[in-house]
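Trainee: Now for the letters of each chain:
Number of protein chains: 2
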Amino acid sequence: MAHRPHPSERVPHGCDRDLFLAELHAFLPENCVLHRQEDLRVYECDGLSAYTRLPWLAVLPETVEQAQTLLRLCHANGVPVVARGAGTGLAGGALPLDNGVLLVLSKLNRILAIDPANRTARVQPGVRNLAISEAAAPFGLYYAPDPSSQIACTIGGNIAENSGGVHCLKYGLTVHNVQQVKMLTMDGELLTLGGSGLDGPGYDLPALAMGSEGMLGVVVEATVRLLPKPPAVQTLLAAFASEEQAGHAVAAVISAGLIPAGLEMMDNLSIRATEAFVHAGYPVEAGAILLCELDGTEEQVAAETERARRILQQAGATEVRLAAGAEQRQRFWAGRKSAFPAVGRLSPDYYCMDGTIPRKRLAEVLGRIAELSKQFGLRVANVFHAGDGNLHPLIFYDANRPGDLDKAEDLGGQILEACVAAGGTITGEHGVGIEKINQMCVQFGSAELEQFHAVKAAFDPQGLLNPGKAIPTLARCAEFGRMHIHGGELPHSDLERF
Amino acid sequence: MAHRPHPSERVPHGCDRDLFLAELHAFLPENCVLHRQEDLRVYECDGLSAYTRLPWLAVLPETVEQAQTLLRLCHANGVPVVARGAGTGLAGGALPLDNGVLLVLSKLNRILAIDPANRTARVQPGVRNLAISEAAAPFGLYYAPDPSSQIACTIGGNIAENSGGVHCLKYGLTVHNVQQVKMLTMDGELLTLGGSGLDGPGYDLPALAMGSEGMLGVVVEATVRLLPKPPAVQTLLAAFASEEQAGHAVAAVISAGLIPAGLEMMDNLSIRATEAFVHAGYPVEAGAILLCELDGTEEQVAAETERARRILQQAGATEVRLAAGAEQRQRFWAGRKSAFPAVGRLSPDYYCMDGTIPRKRLAEVLGRIAELSKQFGLRVANVFHAGDGNLHPLIFYDANRPGDLDKAEDLGGQILEACVAAGGTITGEHGVGIEKINQMCVQFGSAELEQFHAVKAAFDPQGLLNPGKAIPTLARCAEFGRMHIHGGELPHSDLERF
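Taken in order, these protein sequences are the chains called A and B. Using the working numbering, you'd call the opening residue of the first sequence number -8 and step up by one each time. Using the working numbering, you'd call the opening residue of the second sequence number -8 and step up by one each time.
Isolated chain A (complex conformation) (with noise of 0.2 Å):
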């Protein structure tokens, strides 16, 4: 696999890899520092596995004071970090450091207090997301974030991408429902910040480390909210001929004002591999499908699934389903939920992009997509948080065919660059990581990144934690060539400076 060079990564040290893993044995037990290039294997990549490097050392802490020890020794020594959760992250932002300590937070994995009262879950950062809403449903509660990989991603993780999910158009992203977390600095202080009201006193420092991607500290520990299961749910299925009709669908049932619980779409593409391995019962002739979930209590659900029934088919929709029953429902769901892996099986690899667009452009911005495919001669499907207009093109390419890789991710640059140009963003949920990093010169001018460095600076003064990834130098983008060129066209450029 490949592996590109990142110029601002690498922060270089003096030390000794044998003197400094003695150090560590100082206070780590012999299982929880690996060295070994066998055991380091493991660690070389996250979810965004075309990106592959072995750690200098793995170090995997069984209490929060052995990571605060091993972030004194690092910050004492000049020895970069590179914190990591799961190792599901899809953007490389738990990449190692081929001369930095991998920080794998896997150990500290225990729910440290279920509080129904509050409506609370006190967790350390190595707890699966969905470990978090199996402790709490004996109490009728569970959290809301939802993102794929919820049965093998961890809050810490979660954190710090800020993760989203299907259900977060209705109930928020990482940030709104995480309420306290602690945090160790890269020079070992640990910071308690936020509390348990909608606001806290002083600068809002939670919502700065939710989707810091590592950069500004380690979470030891999250106080997450806890909501209360809805007590009905009901999916509706919706057939369009087109993935424009599709898109105008999911403006109009937004515009009614009705907030599902969930929106997705799915292309023809998307559909087909879905039904091929999962048999949903998927209408494999449809241009698009919209999922549309609604809950609350049982009038509520019964009101708006007329209402948005009457929607998707005034929207121009071929066939409207709705779910029979927990089971069907479920089978709804299974298709969209294994639509990534569906779509592997259509090509030797691909590549899962991340981009967010004002919903009202969403059917000029899939056209768009299916323009650059053509023109790149790469498949591209569609499935994704159309309600909060959170696109996901998946990329087909063949990892084995010299230049495929790179046709793949250039044309996933410019799709992120067709969403910033229709007033998007580059990530919706999956973080910058490595892989967006250029697209931050296309999303922002150079007063926000000086502004960026500056508060990095302000956690971590000598850039040890994290480096290279998500906040590109200038002299990057200046090399990227991409910086303010873009003019009046860019909603976050100078236009409109006066």
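Everything labelled a hint here was simulated from the structure, so no lab data went into it. In this text, a Cβ means the ideal position worked out from N, Cα and C, and glycines have one as well. It is possible that some hints are incorrect.
Stated by the list, open to error - Within a straight-line C-alpha distance of at most 30 Å, the following computed DSS-like cross-link-like pairs (lysine-lysine) qualify:
(1) LYS365(A) x LYS220(A)
(2) LYS398(B) x LYS220(A)
(3) LYS220(A) x LYS220(B)
(4) LYS328(B) x LYS161(B)
(5) LYS365(B) x LYS398(B)
(6) LYS161(A) x LYS161(B)
(7) LYS220(B) x LYS351(A)
(8) LYS161(A) x LYS220(A)
(9) LYS398(A) x LYS365(A)
(10) LYS220(B) x LYS161(A)
(11) LYS328(B) x LYS98(B)
(12) LYS328(A) x LYS161(A)
(13) LYS161(B) x LYS351(A)
(14) LYS328(B) x LYS220(B)
(15) LYS398(B) x LYS328(B)
(16) LYS328(A) x LYS398(A)
Claimed, not checked - Reference listing, derived: stretches of chain B covered by chain A, where coverage requires no fewer than 3 residues with Cβ under 8 Å from a Cβ of chain A:
(17) 173 to 184
(18) 417 to 423
(19) 446 to 460
Please arrange chain B on chain A, whose structure you already have, making use of the hints.
Mentor: Leaving out everything else, chain B in the frame of chain A:
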């Protein structure tokens, strides 16, 4: 009126006022620069009128460019700047400096765009909160956050204080309803923060700007979310024999999974004051009343109203009334909305506090407030956002009675410390300003305060923007003598630090 010095606020500079005035007149019209004592008098305080101070100069720019030039000039000369909206803030966040420029944003008051398809409004900072909803009304849309001062307060001030309101239980605070801000930093750089999606790439600087009390930058434009007006609304008024019972009823409503648009409590003192003032028809014998508002579709509201009524009755309500129509609903709310001025008729002066607590500790903290009230010999009325645990105790005092204000402030401080001890925070929506700056030493440890200062320095390294507000220096906390002495009692202290 008293004027207490705040140790860290004075940023000395050697600028001659007349020379500086001449520089201002080079780019500002005559009527945009106030320098005569009689003109400056209007700006000597904000809503925390116990503290007054004449600004050195007040500048009211008419364009963003003028504001930018002003900041560059102040930055170059080391002149501190305090930004001000309508001056309705209750914590003294906009108290001027006697050697600094007061940057009054009231002339930047244009609504730049209403976009019904994307459901957003783009506005200048001096636009009044209610004016946004008025402009959006023809499209069936409104702006959700509704502080009591919404007829006068501006969106710029709302962003600075992350304002809430009666409906923030369901619709969130300002941070949940603003998509993008354009902000000038102290050196005149214009930053565009946030975008169109739920999440954006890079650190969450828009969230950081919300509630930063004018200390990180000056907001010159905001794009806010608009919501469709709910088709149906119903309000219930429930009377209880005691505040404690009403507190338990609040917990019961929330535990049942209902999310009212508003859930407000008034104690007997507030009920009687209000009734004498606006004749809302409140039961004057009740120990406490709850106002519970439900909104949504007709079917949903009808079903939820019935559930709420049952729950309130089961919780021991002596009476539950449903508003018979829009007119009665407005009367129910007229009482709540005029509670502050109504209470003001009972006492020459009152001091409005703002703390949050976990809902389940409501009854206990109200009991503690009653105790403290007796101990200090000052009456306290409670009118507040019960649903989100946001207390607003109103402390009665007489500014003309020597020592009374000091006593009221001391009592207020102790109430806030009781909130912190119960796992809450010292401000729910009013901000810290100068009022609660000592209590910040109780809320946070030195690690968090140092991190706040580092973040401040990332935006404003010379500390010229609103110095002396919101974030205390460590020296100040040492002087206040509270830092870290509460040990295990405080949720934000070193408790659980291994």
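Trainee: Now tell me if each hint is right for this structure.
Mentor: Against the structure, the hints:
no., hint, in the structure
1, LYS365(A) x LYS220(A), "violated, 44 Å"
2, LYS398(B) x LYS220(A), "violated, 47 Å"
3, LYS220(A) x LYS220(B), "holds, 26 Å"
4, LYS328(B) x LYS161(B), "holds, 18 Å"
5, LYS365(B) x LYS398(B), "holds, 12 Å"
6, LYS161(A) x LYS161(B), "holds, 12 Å"
7, LYS220(B) x LYS351(A), "holds, 20 Å"
8, LYS161(A) x LYS220(A), "holds, 14 Å"
9, LYS398(A) x LYS365(A), "holds, 12 Å"
10, LYS220(B) x LYS161(A), "holds, 17 Å"
11, LYS328(B) x LYS98(B), "holds, 28 Å"
12, LYS328(A) x LYS161(A), "holds, 18 Å"
13, LYS161(B) x LYS351(A), "holds, 26 Å"
14, LYS328(B) x LYS220(B), "holds, 20 Å"
15, LYS398(B) x LYS328(B), "holds, 27 Å"
16, LYS328(A) x LYS398(A), "holds, 27 Å"
17, 173 to 184, "holds (count 6)"
18, 417 to 423, "holds (count 6)"
19, 446 to 460, "holds (count 5)"
Hint check: violations occur at hints 1, 2; the rest are consistent with the structure.
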